[in-house]
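K.L.:
Quick mapping for you: the protein sequence lines, in order, are chains A and B.
Sequential numbering from 1 applies to the first sequence in our numbering.
Sequential numbering from 1 applies to the second sequence in our numbering.
Facing chain B, a subset of chain A residues (Cβ under 8 Å, in silico):
1) R25
2) H207
3) R208
4) F209
5) A211
6) H214
7) H219
8) S222
9) A223
10) A224
11) M226
12) G285
13) Y338
Here are a few chain B residues that face chain A, going by a calculated C-beta distance under 7 Å:
14) A90
15) Q94
16) M103
17) G112
Hints were generated in silico from the structure; no laboratory data involved.
Where is the CB? At the ideal position from N, CA and C, for every residue including glycine.
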Amino acid sequence: MTLSLEPANARAAPAVRPPDSALRRFLMANRAAVGSFAVFVAMMAVFTIFSPSVFTHWPIYSSVLVTLPVALCLVAPLVFIVTVGEIDLSFPATMGFSAWVFALLVQAGFSPFLAILGALATGMILGYCVGALVVLASLSSLIATLGMNYMLRGFIMIVTQGKSIALLDLHDTAAGALFSGDFLGLPVQIFWALGFVAFAALLFNRHRFGARVHAVGDHPDSAAQMGINVNRTRIATFVFMGLGAAIAGVFSAMINYTWWPTTGDGYLLGTIASVFVGGTPTWGGIGTITGGAIGALIVSFIQSGIVAAGLSGFYVQFFNGLIIILALLGHRWNQKRYR
Amino acid sequence: MSERLVELRNVAKSYGRVFAVGGVNLHVDRGEVVGLLGDNGAGKSTLIKMLAGAIQPTSGDILVRGKVETHWDAARSRNAGIETVFQDRALAVQQSIVRNIFMGREISNWFGFIDSTRERREAERLMREIGFTSKVFSPDSIVGQLSGGERQGVALARAIYNQADLIVMDEPTTALSLTETEKVFRFVRTVRAGGRSVLFIGHNIHHVYDIAERFVVMDRGTVALQATKQEVGSAEQLIAFMENIAHPQGVVSFDPASTQAGASS
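Here chain A stands alone, though its shape is the one from the complex (with noise of 0.2 Å):
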């Protein structure tokens, strides 16, 4: 059976525009990520009009190239608990720990991938509970998570009294190979990072996990009615950020094979400056993981940017602070919010 709504006379009907073109829907589904990668090349243009040298030479990219994996499997997944609605503050923990879980596991003569695939169990679980503490609980995520944080992190240095741990062993194996070595001069880890963000954008556009995650960020009583598990959808996204935590945290304890018990706390304020920066709105329903890596990009780029242009290390916060104000004007301007 058919519907025919078309009025009487049909002639009269008027068609529905065609569906946009490829390069349209595109454009216009990465509107953010499209502006953020506008700021970040103007911000690389004034960096190398005020210092050539720097910026016409390898050194500084490669610099770079060793802290961004770390970042950008960080942001990817802030970005899905961005738009369901949510903000992860005890992610840098959640690395911490789940480095050390892998960490323990190497000490004591485990395989390194079985270390990688308990480290990365860790992650999920610590996720699972934050985010399960968090929704079903219905505390605010803002606080709660900072307490997960401040909890989780306590309990490391009292356990491990502060110490670190070396895993040096660890340099001549297969694993150290495949996860710290160098591929094409450059980083292997940058080589994963991105593999890691392209999954994760692949969900967050064209899963129906991602499909929900927008759903309920932008209307949770809509998905609920039309028959979304809210709280699960809300909960998967802490999971996800736990396991992009864990990976984080492996990649940072094998740059130079040594677990740190402040492991991921650098991390805490440049990711969620990279979500936003990246043209991910706070309201929830809608963000861009292309955008969060570019965001990424960006504030990996201004430290490093700001010192090599000859400016002293006291100008970092300034303009790091300056160009974050200046996304999120252009951001503003670039997005309307639709109600």
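We have chain A; now place chain B onto it with these hints.
P.N.:
Just chain B, lined up with the frame of chain A:
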């Protein structure tokens, strides 16, 4: 007798000690249009939210095709072939039309990846069937850009996509223009002609009288009247009955004193 599609048996919903709906029996047969009427606060919306699985009944049974349903929720309701067009339309306004039409029921493969080409094609077809009047919008347009009537169109498109057996419409004509209202009526008639059922909740008694063939009038959480169109006779009779519920003494007057008496009863 035609097949009994959905039946509510002694369904009640209480919030603490307050009963929003107290022991309602209601059924919808296959292929009939039932009009659900009642004043504000009569419990119409609560009732259909229970039918849609959006809220859980405190007691009573929901039967679909003669079977008592357990663990009733929104997903179950949709799987059982009940599509609800909520009063607030249940849209996500920052998402595209196509994402709204397939919200919670994405066309996806084994791994959960969405077949967006097919979704877009289906959305386009549904929009044409609903009679979308504007050429400005494509399936990729954001719902927030649409007018109230067009948003209603998206909600209706979503309801017909799954070929549901029963479409529940909660005040679908509120805040719509005359032509948009006419479109909703045409929609109901087409659904009816296809052998499917509609439960039509309305405020405007004339609207409901025109479209429905059987009427259920609710009053303060209970069913005050169940009657077919023949039994009711005319819209005026229905209005008289409802006024009689609102003013039990049968005195309808604009004298302030008696209005107050009627309101307090």
